[in-house]
Amino acid sequence: MAESRVVLHFPKSLLDQPVTSMAIERFNLRFNILRADITADQEGLMVLGLVGEPEKIEGAIAWMREQGVRVQPLEQDVVRDDERCTDCGACIVVCPTAALAMDTDSREVSFNAEECVACGICVPVCPPRAMSITF
Amino acid sequence: MSPRAGASERVVTLPKSYDEINEKIRTGEVVVVTAEEMVGVVGELGPERAAKKVDVVTTGTFGPMCSSGAFLNIGHSTPRMKITNAWLNDVPACAGLAAVDLYIGATEPAAGDPLNREHPGEFSYGGAHVIEDLIAGKDIHLRADAYGTDCYPRRELDTWINLRDLNEAYMLNPRNAYQNYNVAVNQFADRDIYTYMGVVKRDLGSANYCSAGQLSPLLNDPYYRTVGIGTRIFLGGAQGYVYWQGTQHDPTTPRNERGVPTGGAGTLGTVGDLKEMDPRYIVGVSFYGYGVSLAVGLGTAIPVLDAEMARFTGVSDADITAPVIDYSRNYAHNEGEPLAHVSYAALKTGSIELEGKTVPTTPLSSYVRAREIAQTLKGWVQVGEFLLTEPVQPLPSADSGEGFKALNYRPVGEEECE
Ligand code: SF4
Ligand code: SF4
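Read top to bottom, the protein sequences are chains A and B.
Residue numbers for the first sequence follow this note's numbering, so the first one is 1247 and each next one is one higher.
Residue numbers for the second sequence follow this note's numbering, so the first one is 308 and each next one is one higher.
In short, the hints are calculated from the structure, not lab data.
Computed from a predicted model, the values in this text were never measured in an experiment.
Where a beta carbon is used, it is the ideal one built from N, C-alpha and C, also for glycine.
You may find that some hints are simply not true.
[Unchecked claim] Some chain A residues close to chain B (C-beta under 7 Å, calculated; not the full set):
(1) THR1332
(2) ASP1333
(3) CYS1334
(4) VAL1340
(5) ARG1353
(6) PRO1374
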């Protein structure tokens, strides 16, 4: 058994299709939904932990790609350049987890890498470009 | 008893004059607090006693201020050149001035930037970044061409320039320090929208605001009693000045019972020496799907001349409200009414209630850095490095009758003879 974390981006046309549950069923996997959100331009975003035989996981990913889902393996890491961050707060409503959050008293914006699912949404949204993706 | 003698005996008579306060700054007796700290002082002592106790209140703001830019005189080359077109790190600069004077506008995108052709565009580099890089001491690639004249024969230039080698290099911002601002929401679009107020989420999914509220310069002096032409300010880490009212200065905006405008109102035109600035307070920023802007750190030191100024500077986030405006349709088309007016105190809790929905709030202006600016300025006043200036000329205020006009659209080809 292995767990692979993937970010699934669903185009608008697939939003009402049960692609994920079909993939899970077909390839006999278990899964954890780490995050689900509708994002920019009505793209669906889901961060999934897929649990099962490694070949089955591969198969499920390939099948979902065929259906038109963009599958991004979570091997990447998102980091913040703390010197560059101005604590402006522009990122906090776009972050689908609470990895970027503002302390209501100090008004500082913290980045909690543990909560970050590396979806990358904050990268172009951060005005001084303090967030970046590393591979 | 003369006011001067009174001050030295710490018996303060009101009103205080600029001279008296500056004398206290010189002797180190001055009492300075930040606008955030002043909320508590006025709350505890009341305006009259607060005015006797506190001499100066410092403010700060750090947010995107699009109407910014810098004049650069690059010096004459040999042979001389009257520049027609110029690019700084590939960002077009305005050269429609004397031979080697350039103006780099903060929001100018780099030549060849894909802009919004693939929406939302990233706008990674532009005039604001050039300004930040100059201040940071980085070399900048200058490319220029010219048509050539008898006195200025050179046609092309390709060189590195550096801030330290320039003649004058000063920031000139036609509109900074907006007194209050809108809160942006997205009520009608079926997708997130990309604006100068950041990404505004669909279905009232976010409320984006942009003001330092109780720390903001003009919210602490709502009628511009102590800020006008010639006022010394903190600008980008240096000491700068107010040179005029800012563009779109709108002092006749409705005000609440404290005199605080209930929407965008006054603005400042500001100027300061790039060579003395700090890149911590002048940061090039990119708004996804919108464009480039410059985050500017600005602060004022307000003399607490009398009880009225104490009351003004004691303003708190609960006393300041901002209009909630739909940016998916109403803002663009100048229609509709604000959905609500909400206080900065409410915005700062992290969510507000709108149309029966809990809407998360997101600021664009850094309160942390605004506070840092107010503290820095407080330190400068305390050690005598920053003296106060009485305005040479006041800015138009609420009684001026001056408002903010929309464009008088007169379609070309449909002229009516007058
Ligand atoms: S948007 Fe960027 S600069 Fe602003 S708080 Fe978030 S990480 Fe920091
Ligand atoms: S990549 Fe950015 S937006 Fe995505 S979870 Fe991490 S911090 Fe949040």
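Hint by hint, here is what the structure shows:
For THR1332 (chain A), the interface hint holds, the least distance from its beta-carbon to any beta-carbon of chain B being 5 Å, beneath 7 Å. Interface hint at ASP1333 (chain A): satisfied, since its Cβ lies 4 Å from the closest Cβ of chain B, which is below the 7 Å cut-off. Given hint, CYS1334 (chain A) at the interface with chain B, holds; its Cβ is 5 Å from that chain's nearest Cβ, closer than 7 Å. A cut of 7 Å between beta carbons decides the hint on VAL1340 (chain A): the least distance to chain B is about 5 Å, and the hint holds.
Interface hint at ARG1353 (chain A): satisfied, since its Cβ lies 4 Å from the closest Cβ of chain B, which is below the 7 Å cut-off. Interface restraint check: PRO1374 (chain A) against chain B, minimum CB-CB distance 5 Å, threshold 7 Å, status holds.
Hint check: no violations occur; every hint is consistent with the structure.
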